[in-house]
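J.: Chain residues, written in single-letter form:
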Amino acid sequence: MKKEKVEYLISLFLSIFAALIIGGFIMLANGRNPIVGFNALINGAIGSKYKIATTLAKTVPLILTGLATSISFRSGIFNIGGEGQLYLGAFGAALVGITLINLPGLIGIPLALLVSAIAGGLYALLPAILRVKYNIDEVIVTIMLNTVAVLLTGYLVNYPFAADVGKLGATEIIGEGYHLSRLVRLSTLNTSIFHVIVITIIMYYLLERTSIGYEIKMVGQNMNFSRYGGINVKRRMIFAMVVSGILCGIAGAFEVLGVHYRFLQHISPGYAWDGMLIALIVKNNPLGVVLMALFFGALKTGSISMENATGIPSELISVIQSIIILFIAGEAGFKDKIKGYFARKRLSKKAGEKNA
Amino acid sequence: MAEKLIEMKNITKEFPGVVANDNVSIDIKEGEIHAIVGENGAGKSTLMKILYGLYKPDSGQIYFKGNPVEIKSPLDAIRLGIGMVHQHFMLVPSFTVAENIVLGVEPRRRRIFTDYNRAVKMTEELSEEYGLKVDPHARVESLSVGIQQRIEILKVLHKGADIIILDEPTAVLTPQETEELFRVIRRLVDKLGKTVIIITHKLQEVLALSDRVTVMRQGKMVGTLKTQDANEQILAEMMVGREVLFEELEKKDVAREEVLRVNNIKARDNRGLLALRGVSFSLHSGEILGIAGVEGNGQSELVEVLTGLRQVEEGTFTINGIEATNMDPLQIRELGVSHIPEDRLSRGLSVDATITENMIIGNHRKEPYAVRGIHLNRKKIRERTKRLIKEYDVRTPSQDIVAGNLSGGNMQKMIVAREFSFDSKILIVAQPTRGIDIGAIEFVHKEIIEKRNEGAAILLVSADLDEIFRLSDRIITLYEGQITGEFLNKEISKKEIGLYMTGKAKGLN
Chain A
96 MKKEKVEYLI SLFLSIFAAL IIGGFIMLAN GRNPIVGFNA LINGAIGSKY
146 KIATTLAKTV PLILTGLATS ISFRSGIFNI GGEGQLYLGA FGAALVGITL
196 INLPGLIGIP LALLVSAIAG GLYALLPAIL RVKYNIDEVI VTIMLNTVAV
246 LLTGYLVNYP FAADVGKLGA TEIIGEGYHL SRLVRLSTLN TSIFHVIVIT
296 IIMYYLLERT SIGYEIKMVG QNMNFSRYGG INVKRRMIFA MVVSGILCGI
346 AGAFEVLGVH YRFLQHISPG YAWDGMLIAL IVKNNPLGVV LMALFFGALK
396 TGSISMENAT GIPSELISVI QSIIILFIAG EAGFKDKIKG YFARKRLSKK
446 AGEKNA
Chain B
2 MAEKLIEMKN ITKEFPGVVA NDNVSIDIKE GEIHAIVGEN GAGKSTLMKI
52 LYGLYKPDSG QIYFKGNPVE IKSPLDAIRL GIGMVHQHFM LVPSFTVAEN
102 IVLGVEPRRR RIFTDYNRAV KMTEELSEEY GLKVDPHARV ESLSVGIQQR
152 IEILKVLHKG ADIIILDEPT AVLTPQETEE LFRVIRRLVD KLGKTVIIIT
202 HKLQEVLALS DRVTVMRQGK MVGTLKTQDA NEQILAEMMV GREVLFEELE
252 KKDVAREEVL RVNNIKARDN RGLLALRGVS FSLHSGEILG IAGVEGNGQS
302 ELVEVLTGLR QVEEGTFTIN GIEATNMDPL QIRELGVSHI PEDRLSRGLS
352 VDATITENMI IGNHRKEPYA VRGIHLNRKK IRERTKRLIK EYDVRTPSQD
402 IVAGNLSGGN MQKMIVAREF SFDSKILIVA QPTRGIDIGA IEFVHKEIIE
452 KRNEGAAILL VSADLDEIFR LSDRIITLYE GQITGEFLNK EISKKEIGLY
502 MTGKAKGLN
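So the protein lines, in turn, are chains A and B.
If you want our numbering, it's the position in the first sequence, counting the first as 1, plus 95.
If you want our numbering, it's the position in the second sequence, counting the first as 1, plus 1.
Mixed in with the good hints, there may be bad ones.
Dumping the calculated DSSO-like pairs for lysine-lysine here, alpha-carbon to alpha-carbon at most 30 Å [unchecked claim]: (1) B:K387 - A:K378; (2) A:K100 - B:K380; (3) B:K267 - B:K495; (4) B:K491 - B:K447; (5) B:K391 - A:K100; (6) B:K367 - B:K447; (7) A:K329 - B:K426; (8) B:K380 - A:K378; (9) B:K203 - B:K496.
Simulated from the structure, these hints should not be mistaken for laboratory data.
Bear in mind the structure is a predicted one, so any value in this text is a computation, not a measurement.
Full structure from sequences and hints, please.
T.: Laid out in C-alpha cells, this is it:
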C-alpha cells in the first residue's frame, strides 16, 4: 500500500478514536457513565438481528449520497444540492407509484427509478451548465436549489397531490407492485440494499478503472493540466454533476419504494448532508464511502437505543461525527507539526553527537 | 579589502523533508563582489534569507565584524546595513518611483501626510549619488524590468545598506540590461565601497563579475575560491559533483518540409489586451525554430494559440496543410503536436497525481492502454510508465509516488518523456529547462536535438538566450506581439539580438 494511504488510515483511526473519547468526556460532564453509554450505543447498533438490519437500512441512502458526493467532488465541481435532488427523485418515484398504480413491480419499479434518476439528474444539470457556460458558482446555486426543491415538493404534497385523509403532508400510498420487499421482520431493511451493492460496484469501476474515471480525477486535481492533456473539462464536469444528481434522486426513490411507500414532506433527515460528510472523511474513495456509511448508520441506529436506555441524547452522535470531520480536516496540519517535531529532534540529536 | 565583514558559521536549516543548509560556513569580505552559485535547491537563497533575517537557522552563528549577532528579522539586518533585492520584485506597480523608494520610511509633513515633494527630491539625490538614473514621477507599472530592478536597488540603498544581496538578478534581464546592471554593481563596489553578494546559476556572469565565488550543492558548501582561479568547467563540476561535459550537440542535415504555417495571427491575453499583433512564420520538419524575446512579449500567448489553449482573434494557422485555427487541444494533439508547457506545475502535470497517472494523459483513451477506449489496462499502463522512466532517466523510488514529490528536473524529464513518446511531428517546447539542474538541462537538450535529427519540427520558446543559441537553427525575435527579426543562428550575435528583443532594431536580415 502507498505510504500516503497508510498515513491517512492511521490519522483516520486516530480521529475516530479521539472523537469517541471526547464523546465519552461529554457523557461524563453530563453525569453519565460513558462505559454504559457506549455499551448501549454498540448494543443498539448491532446487538440483534433486528438492530443490524436497522443499521443496514439506515446505511442505504448514506451510501448513495456518499457516492454522489464522491464523484462530484472528485471532478472539482461541488454538488451541495444533493438534498434537493433527493427530494425531487423521491417525489418523482412517488408520482409514478400513485398515478400508474396498477403497474406490476417488474415494470413499475424500474420506471419509478428511471423517473427519479431523471429528476435528480436534470436538477443537477442546471447548476452544472450555469457553471461551465457562465462560470456561476455551483456551490451557491445548488445550495439555493435545495430550498426550492424542498419547498416545491412540500407544496405539491400538501395541495395538488395531498393524500385524502387529513393533512399528512404526504401523498397517497403507492401501488402494491412498487413496494420493495422487506428482508427482516419489523425492520425497514429492503431489497434496495442489493441495488445499492450493484450501484457501488458500478461506481467503483467507473471511478477507478475507466478512462472516464481517470479524466474526472484529473479534472478535479488540475483543470489546466487536463485541458492541456486533451480532456474535455466541461463535459466531464457536467457528467460528474449529473451522475451525482442521479444517485441522489435514486436515494430518494428508495426511501419511497422501500421505506415509506409514499412521499413525505420531510422524507430526508439530511441524508445528502451526511453523505457529504462521509465522502469528505474518506476523501471520495467509493469503498471508503461504504465503510464510513456503515459506521454512520450504526451510530445513528445505536444512538436511539442509547437515548432510550441511558437518557443520553442521541444528538451526541452528531457531535462525534463533527469532531471526526474536524480532526480529518486538520490532518495535514497536524501531520506537518508532528513530522516537524521529529525532524527537529533528530537534528538536535545529530548536532549533539557532533559537539560531543 | 581583506577585512572579514560577515561570517556565517555552521549554519543548518531544515524544512520538513529537506535539509536546505547543512552545516554551511561562509565569509564575506568588505568591498568584494561575492558570488554564490549552485543548482536549484542547493540552498543559496535559504542561506541568504537567513542572513537577511527572513529565516531563523536551526543552528549556527552569524558574526558581524567579528561580533556574534542575532538577526531575527529584516529590521535587524537593515540595522546592520544588510539589504536584499529579491528575485521577484516587491514594488507597488501603481505607485510612482519616488513613492516606492520611500515606502515604509516616508518623509512626513506635519507628521501625518506623506511629503511627496520631499520624496521626489530624496529620490533625485539618491539617483544622483549612486549614478542610477530613474524618473521619480514615472509609475512603476510602465517601466521595464531592468529599471524596476534599479528601483529595488535604490530602495535598498535608501535604507542605508552597505551590503547588498542580489538574488538571481539577471534571470529576467536582456543582455543589454545585464551589462548595465554589472556596470552599476562595479560602481557600487569600486567607487562607493559597498559589498555585494550575488546569487546566480549562470557561470559566465560569475566569472565576469565577481571577486570570489562560493559553490553550494544539495544544501552543503562545496568551497570558496578566488574567481581568477576558477573557470566554467571547474565551477560546473563543483556544482554538480561530477565531471560535466559541455559536449557539442551534433546536428544532422534533415529533409525540410513546411509543417506549420502561421498567418497574421492576432490574439488577446488574459487581461483582454492584444498580445499578438499579427504574427506570421512557418516551421519546417528537421529544424528548431527559436523564439527569443523578453518574457511577456506574446510568447506565452503564441504557444497557447498553437496548442489550442487560446482563441485566435484574427488570422489562421495550418498544421500539415490542415486548417487548425481554434481547434481544441485534443484535436491539435491528434494532428501530431506535442507540447511542453512553460508552467510545469500548473499545466504540465498534476502534483497530486502519481507519476503513472501523469504519464498516461493523452494516451488514456487509446489502445492498448484503454480497451475500447474505456477500460483501463493497468498492466500495460504501468509497463509503459516503467519503460519511460528508465528511458528518460526520471529519478524516483517508484512510479506510484505523486508527482509533487519529484524535483523540478525530474518533473520536467517526466513531462518530456510523456510528450516525446507520442512520436509527434511537431513539438512545441516552452522554457524547457527553466529552474532545473545542469544534468537535467543536458539531458533535455540532447533529447530535443535528437528529435530534430529524427525529422521533427520544433518550436522552441525560451527566455534563456544561451539555450536559444545552443539549440536553434533559426531564430525569430518577438517584441510586443510582433516579430522584429528573423535570422539564421550563425548570422547574429547575442548582443545584436538583444536590440531586436527590445524593439530597438527592426527588420529582417
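J.: Confirm or reject each hint.
T.: Hint check results:
1. B:K387 - A:K378: OK: K387 of chain B and K378 of chain A at ~28 Å, within 30 Å.
2. A:K100 - B:K380: holds, 21 Å
3. B:K267 - B:K495: holds, 28 Å
4. B:K491 - B:K447: Holds, at about 20 Å.
5. B:K391 - A:K100: Holds - the C-alpha atoms of K100 of chain A and K391 of chain B are around 26 Å apart, at most 30 Å.
6. B:K367 - B:K447: Since the Cα atoms of K367 of chain B and K447 of chain B sit roughly 28 Å apart, the hinted pair holds (cutoff 30 Å).
7. A:K329 - B:K426: holds, 29 Å
8. B:K380 - A:K378: holds, 25 Å
9. B:K203 - B:K496: Judged against 30 Å, a Cα distance of about 17 Å means the pair holds.
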